[in-house]
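Residue numbers (our numbering), protein chains in the order written: chain A, 1 to 425; chain F, 1001 to 1251.
The hints are simulated quantities; they were obtained by calculation from the structure and are not laboratory data. Since the structure is predicted, the reported quantities are computational estimates derived from the model, not experimental observations. Heads up, a few of these hints could be off.
[What the hints assert, rightly or not] With a straight-line cut-off of 30 Å between C-alpha atoms, the simulated BS3-like cross-links for lysine-lysine are:
| id | chain 1 | residue 1 | chain 2 | residue 2 |
| --- | --- | --- | --- | --- |
| 1 | F | K1115 | A | K18 |
| 2 | A | K323 | A | K370 |
| 3 | A | K7 | F | K1172 |
| 4 | A | K18 | F | K1141 |
| 5 | F | K1141 | A | K221 |
| 6 | A | K221 | F | K1074 |
| 7 | F | K1115 | F | K1172 |
| 8 | A | K221 | A | K7 |
Here are the chains, one letter per residue:
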Amino acid sequence: MIAPLVKKEILSNLLSYKFIVVFLMTILLTALSMGIMYRDFDARYADYMLIRPGAGDLITMTPPNPFSVLARGLDESIGRSYEINIHDVVVRSGQKSNNLIFRFFPTPDLLYTVQVVLSLAALLFGFDQVCREREQGTLKLLLSHSVSRGELLLSKWVGNFLTLVLPFLTVFLLALLLLQLDPRFSLSWEGWLRLGLMLFLFLLYVALFLSLGILVSTLAKRAATSLVILLFLWAALVFLLPNLTTLAARQMVEVPSVRGLSEKRQQIWTREILLGIRDFDPKAGQQGVASSWRRHFDVVNHEQDAMEEEYRHRFGRLVSVAKSLNRLSPVASFVYGVNAVAGTGIEEESRYKEEVLRYKNRVYKGLIDKSMLGKEVSFPAFHYRYRSLGETFREGLWFDLFWLALFTVLFVVASAVAFLRYDVR
Amino acid sequence: MISQEIVLEAKDLSKRYEDGQLALDHIHLTLRRGQIYSLLGANGAGKTTTINLFLDFLKPTTGQAFVCGIDVEKEPLEAKKHLAFVSENVMLYGNFTARQNLEFFAKLGGRILTKEDVYALLRRVSLQEKAFEQRVKSFSKGMRQKVGLAIAIAKDSDVILLDEPTSGLDPKAAEEFQVILKELRAEGKGILMSTHDIFRAQEVADKVGIMKEGRLVLERSREELFEEDLVKIYLDYMGSPRSMGERGGRA
């Protein structure tokens, strides 16, 4: 019995202006987003090829992540180059986007398009599913047939979901095929798995908002009321809640400013240089002088590492609190999930910085020997390995997937319960 | 020869809403195959509530509603297989044509119709040919009622429930409607029709019930109505000034 109902929903949607608008908008924005982000990736890749470190350079850098075309996240920050010298790890520029507009407006990647536009489209499809049928009077005619309310609701869900995602999937897959022509986008099996998981998250997110739309349409008596409620909920879930909870987290956890940290580093360096000059003993010979300076540099290195660790600890707490609060809105789980799968998330950036510090400590001894004793030292090249999908899953992705699915199931169950008690008269 | 089996039955059926209002008060009625039963009564008398209970749109407070012997409350989907429904104001999917609407609802009723079948049904309810492939959002109420009736016929169910189907129709359309009802009766359908139209009820019904304040206060067969004036009886029960005066006169 469900097949004719699903077909009716699809046909009904295809014949509506709403579908034409959403269809054109989805195709246009998805294609535009992927086009713009591909160009951005291309420019950043060209920058990387220009400034990438040569053999023996103590510079850490990693090429742009191909998945940043879909979810840019913190890729620019992850790809930033760091210069390692005797007294500090200095951030160099690198992989900066050529598109200045990105600094004024949110990056128009596919994640943003789905997060903002497709969620709104899903609500526009869902808001009147039940109450409009009741207002029009077609619900009575439908339910006078041997159709259960569960079947009717399920058919509405399936029919609208298919109508919503098919245009998106078509453009998405077409764009992926085009990207495959570029060798930088050739993916390993794990890459394809990541892509599949991202797609699953996109679809789950659309399902979440469609379910919310249908839920409100079963609770509201009128379609106009349902639309107003849903627009408010959309703004709250997509914009208000994530921003407000981030601000709240900042109030709850204190993190020193990057500028303050940098000044403190400078102070430590200056202090140890002055102490080194005081301790300078020309009679100690080259080995003695080197050994004396080395002690001071060790202190600098040790204190700076401790400072960095303290900063990272606090920053980690801020991130953790902010993420927990953000997840009051399932939209945050979606954003964190997609970025984690793409390898452009906050954990990846954190891991990259840790990797840079580890690299610094690996090369530190050689750096001192080269600087103090003029020894010829060959340094290992820096190489960053992204977290595997398994690691990503264990380190939080599972929760975001679970959280999104839980909200979706809750909305579906709540709308089913509400519809079973619905007064169709 | 049409069998005389009961296709619709209300046993001690009552409905009290959550706000305490008693919409239906212990009614009993039966409808046999090949019969038209007209329910008369003022607005709020309980006619539509009775139909809603047979359609499982409402749950009864007491009693049972049966369709072809099936308890509606216990097996609503099974009961609805034997039912078709035409409301006072048939509403269809505006973006679909008359043919698409009919095809869709026939499928829900378990029937796959060819284009010719659909056209034949639409012709039977006297819908203009040029409207067959037009979107129904431009249809008048009369045209929608015709498509609604075609949907009910397409289902080929044992019982047809009609909730004031001719209200607001022009006399010609109402007459056409009546002709089709008689045909359906001849085919052995049981038809329960709520209406305000006493004259049409008297003309077409095999049984008439008058409802007042949720109670079925009077029931008359077609034969009984040959000897009585239904209009007078109705107005008597509704308490019109004229009939009250007459009653007073008699007293």
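Status of the hints after comparison with the structure:
1. Taking the CA atoms of F:K1115 and A:K18, the gap is near 29 Å; set against the 30 Å cutoff, the hint holds.
2. A distance of roughly 43 Å separates the Cα atoms of A:K323 and A:K370; the hinted pair therefore is violated under the 30 Å criterion.
3. Restraint check for A:K7 and F:K1172: not satisfied, since their Cα atoms lie roughly 36 Å apart, outside the 30 Å limit.
4. Pair hint A:K18 plus F:K1141 holds up; C-alpha atoms about 26 Å apart against a cutoff of 30 Å.
5. At most 30 Å may separate the alpha-carbon atoms for a hinted pair to count; F:K1141 and A:K221 meet this at roughly 24 Å.
6. A C-alpha spacing of about 28 Å is found between A:K221 and F:K1074, which places the hinted pair at or below 30 Å, so the restraint holds.
7. Of the pairs offered as hints, the one joining F:K1115 and F:K1172 holds, with about 27 Å between alpha carbons and a cut-off of 30 Å not exceeded.
8. Annotation: proposed proximity of A:K221 to A:K7 holds, straight-line Cα distance about 26 Å (limit 30 Å).
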